[in-house]
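Model the full structure from these sequences, guided by the hints.
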Amino acid sequence: MSRFARAFLLTALLSLLGAALLHLLAAVQVPYTWAPLVHLTLFGWITGMIMAVSYHTMPVFAARVYPTTTPIWLHWAAFTGGLVLVVAGMLLRWPLLEGVGLALQFAGAVLFIIATVLLMVRGERRGHHPVPPIAEQPQIDKVGTAATKTASVALPTVLLLLIGVRFEWLHANWLLAAEHGLALGWVMMMIVGVAYHVLPRFSGRALRGLRYARMQLRAHIAAVLLIVLGLGLNFPRLFAFGALLMALSLALFAWTVWPTLHALRVRPPATIRLTFREPTR
Amino acid sequence: MSPLTVRCIKAAFIYLALGIGLGASFAIDRAFGAGLRTLHAEFNLWGWSTLLIYGMGYHMLPRFTGQPLRWPRLAEVQSWLAIGGVALTALGWLGTRYGLPLAQVWLIGGASVQLVAASAFGLQIVRLLR
Chain A
1 MSRFARAFLL
11 TALLSLLGAA
21 LLHLLAAVQV
31 PYTWAPLVHL
41 TLFGWITGMI
51 MAVSYHTMPV
61 FAARVYPTTT
71 PIWLHWAAFT
81 GGLVLVVAGM
91 LLRWPLLEGV
101 GLALQFAGAV
111 LFIIATVLLM
121 VRGERRGHHP
131 VPPIAEQPQI
141 DKVGTAATKT
151 ASVALPTVLL
161 LLIGVRFEWL
171 HANWLLAAEH
181 GLALGWVMMM
191 IVGVAYHVLP
201 RFSGRALRGL
211 RYARMQLRAH
221 IAAVLLIVLG
231 LGLNFPRLFA
241 FGALLMALSL
251 ALFAWTVWPT
261 LHALRVRPPA
271 TIRLTFREPT
281 R
Chain B
1 MSPLTVRCIK
11 AAFIYLALGI
21 GLGASFAIDR
31 AFGAGLRTLH
41 AEFNLWGWST
51 LLIYGMGYHM
61 LPRFTGQPLR
71 WPRLAEVQSW
81 LAIGGVALTA
91 LGWLGTRYGL
101 PLAQVWLIGG
111 ASVQLVAASA
121 FGLQIVRLLR
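From first to last, the protein sequence lines stand for chains A and B. Following our numbering, the numbering of the first sequence begins with 1 at its first residue and continues without gaps. Following our numbering, the numbering of the second sequence begins with 1 at its first residue and continues without gaps.
FYI, nobody ran anything at the bench for these hints, they're computed from the structure. Small disclaimer: the values here were computed from a predicted structure and weren't measured. Errors might be hidden in some of the hints.
[Said to hold, decoys possible] Computed, partial: chain B to chain A, Cβ under 7 Å:
id, residue
1, Gly23
2, Ala31
3, Leu45
4, Leu107
Just so it is clear, CB atoms sit at the ideal spot from N, CA and C, and this is done for glycine as well.
Okay, here's the thing in structure tokens:
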């Protein structure tokens with residue numbers, strides 16, 4: 001595992017411990033602990049784990065090597081520093097600190113996109129793209145990639161919304177909209193994308209079908225847009241329609257991946273070797 | 001996948017169904033949602049996302065690092081603590097909302113169990129990275 005993937009993993013684990021502690025304080029009803037708890041869980045623990053896994057697996061699935069690690073280390077610094085500032089700002093009730101932290105986190109999200117684009121455009125090729133001999137997997141991979149690309153755009157968009165709320169450029173309604181955008185547009189979309197890539201590889205069994213995966217992704221994207229706009233613009237019917245569409249989309253997701261999950265239960269898969277060599281420069 | 005991973009993933013999907021079900025019901029009755037927002041967050045953040053990461057982490061991270069889990073029994077105990085901790089905390093939030101007896105005890109007990117589970121997971125993964 002590369003040093004930068006380990007760095008994200010360590011930040012995620014520290015965030016998990018911090019979030020679990022805040023969770024306990026919120027249970028004891030210590031005031032002002034709920035907002036930092038939600039932020040640390042979503043942006044620190046969950047996002048940190050997504051980043052660690054992404055930085056480890058993307059070079060493997062793309063069959064390329066990062067041309068430079070500088071944007072990745074800058075991303076880690078902005079991600080970790082921003083997280084500390086936002087949580088401290090929330091606990092100390094210091095909005096400016098929180099705003100600066102959010103701006104750093106936004107910079108980190110942009111650096112993640114830059115690092116990914118650099119990998120795909122300028123990364124040195126090595127070997128072949130490891131597509132397993134599973135029916136429709138190359139097309140399923142495209143659906144998975146579309147999901148992870150959408151998720152990568154959702155992350156900085158949500159951070160912009162949060163910055164807008166913090167500096168009172170946007171109505172407070174957008175806070176709840178941003179939280180849902182993050183949970184469903186970034187975290188859940190990334191889970192969907194990664195699941196479409198890795199579950200067939202782990203199990204050796206195809207998903208239920210390409211058309212279900214495509215339909216699910218379209219419904220998911222539409223639902224996120226409806227939920228975020230419904231909450232932000234305070235249109236309860238739009239939100240209600242989006243929430244029901246999201247429930248349908250996630251049921252469709254479970255239906256689509258069920259054959260692979262079932263196969264994972266029935267027999268142990270062959271181990272997939274996921275290794276990465278860090279560039280020396 | 002090991003039974004440990006499958007257990008975490010199955011529990012995560014059950015909590016996801018509860019979390020999304022609650023979220024969809026809030027869309028219909030917003031006043032209901034205002035009272036049970038913490039329960040909705042508990043199911044989605046600690047039930048769904050965190051349990052899914054525990055399960056996938058136990059599967060993927062040993063493969064990424066090329067080492068087996070140092071303490072497999074601790075991982076078994078950790079998974080049950082995490083699953084049970086979410087259930088206890090959820091009961092606590094529900095009890096707090098409807099004024100059930102001992103709700104605060106369930107809430108604090110569940111959050112404490114989850115803190116122990118998080119520490120055990122952290123310890124296990126940090127050991128993998130050494």
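Problem set entry | Structure versus earlier hints - violations, ascending order | 2
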